[in-house]
Amino acid sequence: MRKPTRQRLAVLTGVLAGGLLLTACADDGGTSSASGDGGACSPEDVTLIGQVRNQTNPYEAAWLSGGDEFAESVGLEQQHLTYDGDSQRQQEQIRQALAGSGMECAVLNVLPNGDSDTAPIVAAANEAGAYLVTQWNKPADLNPWDGYDRWVSHITYDGEESGYLIAKALFESMGGSGGVIALQGILDTSAAQDRFAGLQRALSEHPEIELLDEQTAGFDRAEALNVTRTLLTAHGEHVGGVWAANDDMALGAMQALEAAGATGVGVVGIDAVPEAIAAIEAGTMTATVSSDGPWQGAIGLAMGYCAATGELDVADVANDDRAFFAEQFLIDQTNAAEFAEPELNLDDVDCANLFTRATGPIG
Amino acid sequence: MTSPDTARPRATDAAGPAPPQGPAPAAAGRTPSRPRLPWRPSGTDAVQTTASLAALVLMILVFSVLDAQFRTWGNLVAVVDAAAVLAVVTVGLTFVLLLGAIDLSVEGVIGACALTVALLVANSRTGLDLGVLGVVATVALGAAFGLLSGLLSTRLRIPSFLTTLGVYAIGLGVATILFSGERPIVGDPWLSGWASSKFLGFAVASWVAAGAILVGWLIQRYTRVGRYAYAIGGAEDITRLSGVPVARFKTAAFAVAGAFYGLGAVMATSQLGSGVVTAGSGLNFSAIAAAVIGGTLLVGGRGGVLQSMIGVLVLTVLQNGLILAGVSPYAQQAVQGVIVVVAVAAATWPVRHRLGVVK
Chain A
1 MRKPTRQRLA VLTGVLAGGL LLTACADDGG TSSASGDGGA CSPEDVTLIG QVRNQTNPYE
61 AAWLSGGDEF AESVGLEQQH LTYDGDSQRQ QEQIRQALAG SGMECAVLNV LPNGDSDTAP
121 IVAAANEAGA YLVTQWNKPA DLNPWDGYDR WVSHITYDGE ESGYLIAKAL FESMGGSGGV
181 IALQGILDTS AAQDRFAGLQ RALSEHPEIE LLDEQTAGFD RAEALNVTRT LLTAHGEHVG
241 GVWAANDDMA LGAMQALEAA GATGVGVVGI DAVPEAIAAI EAGTMTATVS SDGPWQGAIG
301 LAMGYCAATG ELDVADVAND DRAFFAEQFL IDQTNAAEFA EPELNLDDVD CANLFTRATG
361 PIG
Chain B
1 MTSPDTARPR ATDAAGPAPP QGPAPAAAGR TPSRPRLPWR PSGTDAVQTT ASLAALVLMI
61 LVFSVLDAQF RTWGNLVAVV DAAAVLAVVT VGLTFVLLLG AIDLSVEGVI GACALTVALL
121 VANSRTGLDL GVLGVVATVA LGAAFGLLSG LLSTRLRIPS FLTTLGVYAI GLGVATILFS
181 GERPIVGDPW LSGWASSKFL GFAVASWVAA GAILVGWLIQ RYTRVGRYAY AIGGAEDITR
241 LSGVPVARFK TAAFAVAGAF YGLGAVMATS QLGSGVVTAG SGLNFSAIAA AVIGGTLLVG
301 GRGGVLQSMI GVLVLTVLQN GLILAGVSPY AQQAVQGVIV VVAVAAATWP VRHRLGVVK
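Read top to bottom, the protein sequences are chains A and B. According to full-length UniProt numbering, the first sequence is numbered sequentially starting from 1. According to full-length UniProt numbering, the second sequence is numbered sequentially starting from 1.
These are computed hints drawn from the structure, not numbers from a lab. Hints are supplied without guarantee of correctness; some may be wrong.
[Claimed, not checked] Every beta carbon over 12 Å from chain A, so not counted as near; a handful from chain B, in silico:
1) Thr49
2) Val62
3) Gln69
4) Leu76
5) Asp81
6) Leu86
7) Ala140
8) Phe179
9) Arg183
10) Ser197
11) Arg240
12) Gly273
13) Val327
[Said to hold, decoys possible] Pairwise CB distance ranges (calculated):
14) B:Val341 - A:Pro207: 16 to 22 Å
15) A:Asp86 - B:Phe161: 34 to 40 Å
16) B:Gly282 - A:Gln200: 27 to 33 Å
17) A:Asp115 - B:Ile238: 54 to 60 Å
18) A:Gln88 - B:Arg224: 43 to 49 Å
19) B:Ser180 - A:Asn353: 27 to 33 Å
20) B:Val341 - A:Asp316: 57 to 63 Å
21) B:Gln336 - A:Gln200: 47 to 53 Å
22) B:Tyr330 - A:Ala282: 53 to 59 Å
Note that the Cβ used here is the ideal one computed from N, Cα and C, for glycine as well.
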């Protein structure tokens, strides 16, 4: 434990200052090259990065495996990043992933944690010159065509449509009349709000269907189990159907129905997790909606890859394709078998078919 | 307590039997009109328990008036069945709280155990079909996690707050590795039956929980792990000076707690129908809140398994009642929070002066 001498301190200060200067210079160099030419990367120089919240839910696991499959098809490997739903950690991971040099050939397919997390990710990617595709969350006033030449596209799904599709399927299975209970997601998320708006639109078209009760179960299976148990006591045999804002809650509700010995109650959810599809095949669940996780995991990487290798010129992409609602699929007993093993169709992510699933611009 | 709380001199006499009559001189100046009750440690707990029970009864009365559905037999069954998992977890946590320690590992341990039991009984992923043996192994795994928390806390002398937070992360990590992208669906009819079959009107899981509460109470009452937990929580230094191997019994208490988390995970898995990493989400906070509402205080040495169960019922009745009473889902969380704080305040009010320093 020697005391630092004056000389040592001076040296230390000098080194630090020099380091700062160097970093500053490097930053300058990075920015200027970033805005330069695109599409000049050879395929083997491309780095593919997929980032999702965690790998513990089947949907995001399917997302990553779709990305892996695409990466393999072009002879590369996808780097997995997971941030456990922690915005801070997501930003930190992005910063680290983009810290190296030569990021002009990096491709990021990112699921931002929330709307507000998208702006810093976009800024970081643009700064480093990396190609970026974001999915699900972005603020309404932030758009790829506002000077972000490396932010290829933002893909999301019309939650109102998903909520509407499953509600229609549920009401039809109930014969057009009866009582339903609704399990909402986390109330302050746009996903929960949009999906519930879809249910309300379907309800307005079906005056014979009565919404007995709406409760939140936070997108969580265990919570849905408990809430449904209570709702079943409250409404008893009046419950003819359960509308859930995601499959996990739908599956929790099904467990509650089973424990209560209630049969013939329709249950619908959103996300198309494997368990839900199995239940639909077995006839215990009515319907779900798929956003096609493997496709989501692959398409973002494909868009960036095609842009990096010059097969896609981002400047040529229409604004309607740079922020779009993607096609979603209603799964019921007639087509559940096809979705039982979610697989990536490599044709869907071919450079020529990148935007074929766009159903319209966001808004 | 032995806390150096000079502002509240009466706090000191909880360590031993209090003088049978007469207020302490310092206290007399503060509350001249209030006659001093003949406090004994057991008497204090009795008052506390009465207060917790009163809070529960009051809540039941209010909800019964608000909603006719609440008063039905069917709803009683629903409340008991819904309380089962929280009850078992809270029994375990009670042992840690009695020590004056805290356990934040619950959700991680439950995650790991939920995946383990789902993979050990007949399921959609592994070829195993161990049945009862799988359940026993899972409870043992829970105990092993508890043992780890205990060993880290006592041998490395790290506060349980930190070690259990570490074990929480380890548990969740193990769960994630076991999950490996595909949820194992439970195919064992015996385990699924815990949630779906009824025995004497209640789900089998509720009877399992009743059995677990009984076992917990017996451990607390008749084994050295339980008895010493009170002594350690009340005055660890004195217990150590009396020749009790404190570290060993603390570790054992953590292990007992872990075993109960393991059982809770098994029950949650039977209810959910598959191995879910987040099977325990929210349970840690609920269990701590339940224990404190019931009178198992965070300072240690007070309360017990049965008292904690009052808190479990308070929380479950509250959740059930708010839905039945038609409180808007948008307001429910806030209302629930307010009622929990009020319930804790009401339950600890009679003994608040003996709680020592509140940190």
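Consistency of the hints with the structure:
1. Annotated as non-interface, B:Thr49 keeps its C-beta farther than 12 Å from every C-beta of chain A; the closest such distance is 26 Å.
2. Annotated as non-interface, B:Val62 keeps its C-beta farther than 12 Å from every C-beta of chain A; the closest such distance is 17 Å.
3. For B:Gln69, the shortest C-beta to C-beta distance to chain A comes to about 5 Å, within the 12 Å cut-off, and the non-interface label is violated.
4. A Cβ of chain A approaches the Cβ of B:Leu76 within 12 Å, the least distance being about 9 Å, so the stated non-interface status is violated.
5. Some Cβ of chain A comes within 12 Å of the Cβ of B:Asp81; the nearest lies about 7 Å off, and the non-interface call is violated.
6. For B:Leu86, the requirement that its beta carbon stay farther than 12 Å from each beta carbon of chain A is not met, with the minimum near 10 Å.
7. No beta-carbon of chain A is positioned within 12 Å of the beta-carbon of B:Ala140; the least distance is around 23 Å.
8. Under the 12 Å C-beta cut-off, the non-interface status given to B:Phe179 relative to chain A is violated; the minimum distance is some 5 Å.
9. The beta carbon of B:Arg183 sits about 6 Å from the closest Cβ of chain A, which is not more than 12 Å, so the claim that it is off the interface is violated.
10. Listed as a non-interface residue, B:Ser197 fails to keep its Cβ farther than 12 Å from every Cβ of chain A; the least gap is roughly 9 Å.
11. Distance check for B:Arg240 against chain A: the nearest CB is about 35 Å away, which clears 12 Å, and the non-interface claim stands.
12. Under the 12 Å C-beta cut-off, the non-interface status given to B:Gly273 relative to chain A is violated; the minimum distance is some 5 Å.
13. A beta-carbon of chain A is positioned within 12 Å of the beta-carbon of B:Val327; the least distance is around 10 Å.
14. Evaluation of the 16 to 22 Å hint for B:Val341 and A:Pro207 yields a failure: the beta carbon distance comes to about 43 Å.
15. Separation of A:Asp86 from B:Phe161 is about 20 Å and departs from the stated range, judged on CB atoms against 34 to 40 Å.
16. For B:Gly282 and A:Gln200, the Cβ-Cβ distance of about 28 Å falls inside the hinted range of 27 to 33 Å, so the restraint holds.
17. Separated by about 56 Å at the C-beta atoms, A:Asp115 and B:Ile238 satisfy the suggested range of 54 to 60 Å.
18. Range check, A:Gln88 to B:Arg224: about 45 Å between beta-carbon atoms, so the 43 to 49 Å window is met.
19. Between B:Ser180 and A:Asn353 the CB atoms are about 31 Å apart, so this pair conforms to the stated range of 27 to 33 Å.
20. As the Cβ distance of B:Val341 to A:Asp316 is approximately 59 Å, the hint placing it in 57 to 63 Å holds.
21. For the pair B:Gln336 and A:Gln200, the supplied restraint of 47 to 53 Å is violated, since their beta-carbon distance comes to about 26 Å.
22. With their beta carbons about 35 Å apart, B:Tyr330 and A:Ala282 fall outside the hinted range of 53 to 59 Å.
Checked against the numbered hints given earlier, this structure breaks hints 3, 4, 5, 6, 8, 9, 10, 12, 13, 14, 15, 21 and 22; the rest are met.
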